[in-house]
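2 protein chains.
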Amino acid sequence: MSFHAIIPAGGAGTRLWPLSRASYPKFLVDLTGSGHSMLQDTVLRLAPLAASTTVVTGAAHEGAVRAQLAELAGEAGGTQSAVSGEREADVGELDVIAEPTPRNSMPAIALAAAVIARRDPEAVVGSFAADHVIEDEAAFHGAVRAAIGAAERGYVATIGITPDSPATGFGYIHEGEEIVPGVRAVRAFVEKPDAPTAERYVASGEYRWNAGMFVAKVSVLLGVLAKYHPALAAGVQAIADSWGDHEVFLREWARLEKIAIDHAIAEPLADEGGVAVVPAAMGWSDVGDYSSLYAMVDGHVGVSAGGVPQDVVAIDSPGSLVFTHSKPVVVAGVKRAIIIETQDTIFVTCREYAQSVKDVPDALERAGRNDLR
Amino acid sequence: MSFHAIIPAGGAGTRLWPLSRASYPKFLVDLTGSGHSMLQDTVLRLAPLAASTTVVTGAAHEGAVRAQLAELAGEAGGTQSAVSGEREADVGELDVIAEPTPRNSMPAIALAAAVIARRDPEAVVGSFAADHVIEDEAAFHGAVRAAIGAAERGYVATIGITPDSPATGFGYIHEGEEIVPGVRAVRAFVEKPDAPTAERYVASGEYRWNAGMFVAKVSVLLGVLAKYHPALAAGVQAIADSWGDHEVFLREWARLEKIAIDHAIAEPLADEGGVAVVPAAMGWSDVGDYSSLYAMVDGHVGVSAGGVPQDVVAIDSPGSLVFTHSKPVVVAGVKRAIIIETQDTIFVTCREYAQSVKDVPDALERAGRNDLR
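In order, the protein sequence lines correspond to chains D and B. Mind the numbering: the first sequence is residues 0 to 372 in numbering that gives the first Met the number 0, read in order. Mind the numbering: the second sequence is residues 0 to 372 in numbering that gives the first Met the number 0, read in order.
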């Protein structure tokens, strides 16, 4: 069997405005200063395991996605990384599917799986978000391999992140009995909890964060989908059967149910005992807002997006997070400041306001600055 | 008699870094969004009264000063102001004296006075800082006219600003008996007081802020200088006598005592009853730091230096002060923020830190960013 990666790349990430924009969402951005966008890092992280990688993105972002993948392919064809001295992993076959309209994650993943199944009906596919950070790649690879093993036994397997705090911003996975060492049954997927419930989850040791990673045989994935959502499965299959015929794609896609993979198959299948979870601690972050971005850069002033470290001078400003684009930034006497310079704007806020940044784009529209959204 | 203005233009104003730089001090900057630099505003403010205006500045700034004065002369030669519809005042004769090295205010003012005296021995001169703001020009003109009247009676006249707070950042002028309506004798110039003393000064109603404005006949000014500082007076006279001979200028200037006009003549002459003060309230500010700049722009987000008002969007950020240069600034959830974008840097601080901004240039040097001083 061979393993194929699917990367649904959507979502604007407005809590990271202006690094993440409706027109240039965070998966296209180098948030970590790695030299690669989050999408590129996701592709590279999967490269050692995946025979092919299919990115499913909105039509508006197809060009940018293709350009970033072409960049990776160019790097992989080169000799050595200038930074690490190591040869870049071979990124394998890179495919892009452009969704005519957003339909949430289930149609995107199912279509990619169905297209992969045409070439390889025995394939195992794994779906991974385009805009998450994973610091411990070895742990990630180990978890994916364990999930592939569970998938080969017929499970839809997920990777559950061992919580390091009682976060209320994620759904949780309630584990059941061990299936094989390192793999457990899933009792249930549970929604984002309130704070006391999250405390209880974490204290019990039985709950993991749901990071939206799913691994399954294409036959299992599409079979389960056909069972729970037959119309959606049939539409996806019709598109895949006439793959390359854009007219069929547009017509059938427009009829597909908008639904997330969690609701469509993971939750009902877990009730039937068909979902396995690989618990893993791997320095995962969804980098959902400036607080988590700050935590990810280790509490230091972080610089990226074209800046270099000496472009920030912080004076009496502990806990500041600064991204520069072209101008040096000096911050003095402001605690926990967040300062973001992009090509077309300068944004100043603080970590206490991190959750409210999502409202900034609407405020800009009200202020007549829709151009900055 | 005719009145001639002298504008000593020096001082870096580091508490307004990076709007005010060692290489481009605040008198060259449009801090108020008037469309003119503070120096240009000072020249324009004096234009209705002054037959000529002499700017005395450091050699390093001579070029920038000449360019700004040429701009004013060009405007005055034009027809109508596009903004106000009013004809710009005729700015009269504009002269520049470039100091080979800084010698504080007394040598600068005395030399300008001595050069003016060559043309007009009966002239009255008035010296005014290049980097102060005066909102009520009519009140200013009235005060200068009263000071000229006192000067014609033989006084060295100053204009004392009616305090609107017990500020500890200014020297004070202690008034004595009335000489003529609107003009009083000066008992003493007193140094910057501590807070309780300042409270007492303001409560007494007998004290005014010393804004460094002095008006006198050239003959009186130079005569008093010759009495208290004969070597300095002789050196200045030697330069004026051979005005145009740069060798003499360099040689004599290098020997001149470094001293401020307050210490050199105003304080000792006040003890002898030779100084008069015109008390005036005219919306004066020395714009010494970001707190006073904030107060001057009426507590609103202020924009200048090439920016336009809609280039700032403030969300949940009361009391912010923002200057843009080329990029729109969005500030969210930060109270009393100060955000300054210049051509080559972005500075973020808050009003609580306003007094400490003066230390930023040195911190930059320690951080290896001497280029940003």
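No lab work stands behind these hints, which were simulated from the structure alone. It is possible that part of the hints are untrue.
Just so you know, same-sequence chains aren't split out, so a pair can sit in one copy or run between any two.
Below, computed lysine to aspartate or glutamate pairings styled on EDC-like, alpha-carbon distance capped at 16 Å [stated by the list, open to error]:
1) LYS257 to ASP315
2) LYS357 to ASP315
3) LYS326 to ASP370
4) LYS226 to GLU177
5) LYS257 to GLU151
6) LYS334 to GLU351
7) LYS334 to ASP244
Here is what the structure says about each hint:
no.: 1; hint: LYS257 to ASP315; in the structure: neither (49 Å within a copy, 36 Å between copies)
no.: 2; hint: LYS357 to ASP315; in the structure: between (28 Å within a copy, 14 Å between copies)
no.: 3; hint: LYS326 to ASP370; in the structure: between (21 Å within a copy, 13 Å between copies)
no.: 4; hint: LYS226 to GLU177; in the structure: neither (26 Å within a copy, 101 Å between copies)
no.: 5; hint: LYS257 to GLU151; in the structure: neither (28 Å within a copy, 88 Å between copies)
no.: 6; hint: LYS334 to GLU351; in the structure: both (10 Å within a copy, 12 Å between copies)
no.: 7; hint: LYS334 to ASP244; in the structure: neither (56 Å within a copy, 56 Å between copies)
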